[in-house]
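Assemble chain B onto chain A, guided by the hints.
There are 2 protein chains.
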Amino acid sequence: MRPGMVVGVDLGGTKVLAAVVDDAGRVLAEAREATAADDGVAAVITRIANLVNLVIERAGGSREEISALTIGVPGSVSDAEGLVEMAPNLGWHNVALGRELERALGIKVFLDNDVRLAVLGEQAYGVGRGTHSMVGVYVGTGIGGGVVIGGELLRGGRGAAGEVGHMILKPNGPRCPCGQRGCAEALASRTAMERDVRKLIRKGKKSRVLKLISKQGRTRLTSSLIVRALKQKDPVMTKVMRRAQDYLGLLVANLVNALDPEVVVIGGGIAERMGEEFVAPIREAAGPLFFLQRHRENVRIVPTELKERAAPLGAALVARHRLAATSSGRSEISPLTLHPGGNG
Amino acid sequence: MRPGMVVGVDLGGTKVLAAVVDDAGRVLAEAREATAADDGVAAVITRIANLVNLVIERAGGSREEISALTIGVPGSVSDAEGLVEMAPNLGWHNVALGRELERALGIKVFLDNDVRLAVLGEQAYGVGRGTHSMVGVYVGTGIGGGVVIGGELLRGGRGAAGEVGHMILKPNGPRCPCGQRGCAEALASRTAMERDVRKLIRKGKKSRVLKLISKQGRTRLTSSLIVRALKQKDPVMTKVMRRAQDYLGLLVANLVNALDPEVVVIGGGIAERMGEEFVAPIREAAGPLFFLQRHRENVRIVPTELKERAAPLGAALVARHRLAATSSGRSEISPLTLHPGGNG
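Residue numbers (this note's numbering), protein chains in the order written: chain A, 1 to 344; chain B, 1 to 344.
Simulated from the structure, these hints should not be mistaken for lab results. We treat Cβ as the ideally placed atom computed from N, Cα and C, and that holds for glycine. Check each hint, because a few of them may be wrong.
Negatives, chain B to chain A, calculated, CB over 10 Å [stated by the list, open to error]: (1) Glu30; (2) Thr35; (3) Gly60; (4) Glu64.
Not everything, but these chain B residues come out facing chain A in the computed CB check (under 8 Å) [unchecked claim]: (5) Ser67; (6) Ser133; (7) Ile149; (8) Gly157; (9) Ala160; (10) Glu163; (11) Ile168; (12) Leu250; (13) Ala253; (14) Asn257; (15) Asp260; (16) Glu262; (17) Leu289; (18) Phe291; (19) Arg294.
Next up, chain A with everything else stripped away, as it sits in the complex (with noise of 0.2 Å):
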């Protein structure tokens, strides 16, 4: 290995992945690990402390040859504090990740929204490569996205564009975990879904779904047991995607007509497991709610090609624009500060 390779680390709900990353955006090594959030702040941060060793350790190279680590936490982040604010899969709230992770590994380290990363990453190295403008739809439990303009993730004023799961596509519409009623997350994520195919079981429509879940030793419904369910032909489940799927192409017109991008990538476990299976009928469903012809004929509205790669991917783009900003005294970035005598 040589100097100057970045370290980019998707933390999720259920897995940890990293990966050293060259700066054309190639992968020199792979690794992951369970996120056992349930063991605690401290466990989660020295296990990923550890598998980011193992994946240096795998590249051949060591962490003076590290310029920078960003990680990608599924939830709201101060990048300026290194804290993780509001983290509600891991039950993270006001986490000093940044601090903890510099002090474990003498690397600087960035914060980001995971599926802003996974936008980015697939906008530069994915379905967006050579575009100015990408929007990305990311369905899992919520629903998460991005805004990515000439290669820049559009922050926001408070770190939070790129939120379009809380587009409030049905006003009065069901209630949203944040609050609000009808927005694209209480209509079209995963946990919708459940929540609609439930109320139809409620109501005696037959379906098998609660059978594959049990009989999976789940308790709730996950992309594959949604995939399975749909090639079974389960009505109840077929009927429940496809209102989804509506919804989804509702939530992609109303993107397209305000920010005319070149390319939404829809992204998330069931984007990843189903492909165009799930994005043709969002793509059918948005057509007609152009209000442009052309849109109707050049947007691409396409599944994620990199899957989930995309985040760590995008986070290592991150670690080197902030390390050119910092350098170049273009940004808010303060300079690099490592903590050499740290634990890790």
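Here is chain B on its own, set in the frame of chain A:
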């Protein structure tokens, strides 16, 4: 006048404004003229050229001291081709406005959408001074808008970014001139308000609005008539305005939730006349729909400060940006081509 000045022009459905602007955004001279689009394309272009000559004269200069001119058009443009693709208010379709003006004036001409330019002007010199990200919502015959990120207008993959009026707020709602249903424009523009006022009156609601319109010798509901009816506490106008403001609040909330701008500026005829009285209920309607508490505390939602001067100032700024991009080779814009043998 010293060399290096630029001219910003706002071509509206009823009037044309032109301003000579220096590099600090100071207006050295202004001039205005009726558009009178009924006279035909050639007459309007000659009128614009004469107005530009007049305003340069008023600034005490000559055409040779003008580096470039940008003209804002109420419609869609292809700047690369110097083409007004479609401007419904003018009845224009594929008009080579850029080439014709360059021929007439011997000045490099750039084209852009009028509302987008107004948002840029407002960001640079008005309510958005010093901000990184701003969104504009302009309520008039239709609803237009714009997004400014890092001091640059978002133009989009097909030059259609910022058309926030065609975000769909009510699926299967009233028909929009764009062909869709339930767009913000079909729910909250002046045209939509007039439709709703007439509908309520047909249903037997008491209102003086129609009398006000005919007393003024008008056939359509203008911004000034709306203001007058509201001052007289006309119950139908009050109710219709309140509903429009609720929809505008939903539109603003969706834009804020997705893009997290520092400022949302509300512009257009009604906002220019009513200011805070128009905006306060929009702000109130948006507040409970923000998914982040800090949006509620920190996003500024404010009426236009620059009013009709915003578009010429934004136009002048675009002229400077484009020239800079051309000279540094960063842009797709072809080198300066003048037509000094023109008849202007």
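Evaluated hints:
The non-interface label for B/Glu30 is consistent with chain A: the shortest C-beta to C-beta separation is roughly 32 Å, beyond 10 Å. At roughly 25 Å, the least C-beta separation between B/Thr35 and chain A is larger than 10 Å, which holds for a residue marked as non-interface. Every C-beta of chain A lies more than 10 Å from that of B/Gly60, the closest at about 39 Å, which supports listing it as non-interface. No Cβ of chain A comes within 10 Å of the Cβ of B/Glu64; the nearest lies about 34 Å off, and the non-interface call holds.
Look at B/Ser67: its Cβ only gets to about 25 Å from chain A, farther than 8 Å, so that hint breaks. Because the closest C-beta pair between B/Ser133 and chain A is about 6 Å apart, less than 8 Å, the hint holds. A least Cβ separation of about 6 Å between B/Ile149 and chain A falls short of the 8 Å threshold, and the interface hint therefore holds. Look at B/Gly157: its Cβ gets to within about 4 Å of chain A, closer than 8 Å, so that hint holds up.
Hint status for B/Ala160: holds, given a least beta-carbon distance of 4 Å to chain A, under 8 Å. Given the 8 Å rule on beta carbons, the hint for B/Glu163 holds: about 6 Å separates it from the nearest Cβ of chain A. Taking 8 Å as the C-beta cut-off, the interface hint given for B/Ile168 holds, the closest approach to chain A being about 6 Å. For B/Leu250, the interface hint holds, since its Cβ comes within 8 Å of a Cβ in chain A; the closest pair sits about 6 Å apart.
Given hint, B/Ala253 at the interface with chain A, holds; its Cβ is 7 Å from that chain's nearest Cβ, closer than 8 Å. The restraint placing B/Asn257 at the interface with chain A holds, with a minimum CB-CB distance near 4 Å, inside the 8 Å limit. For B/Asp260, the suggested interface contact is upheld, since its CB lies about 3 Å from the closest CB of chain A, less than 8 Å. The restraint placing B/Glu262 at the interface with chain A holds, with a minimum CB-CB distance near 4 Å, inside the 8 Å limit.
The interface hint given for B/Leu289 is met, as the beta carbon of that residue sits about 6 Å from the closest beta carbon of chain A, less than 8 Å. Given the 8 Å rule on beta carbons, the hint for B/Phe291 holds: about 4 Å separates it from the nearest Cβ of chain A. Look at B/Arg294: its Cβ gets to within about 5 Å of chain A, closer than 8 Å, so that hint holds up.
Checked against the numbered hints above, the structure violates only hint 5.
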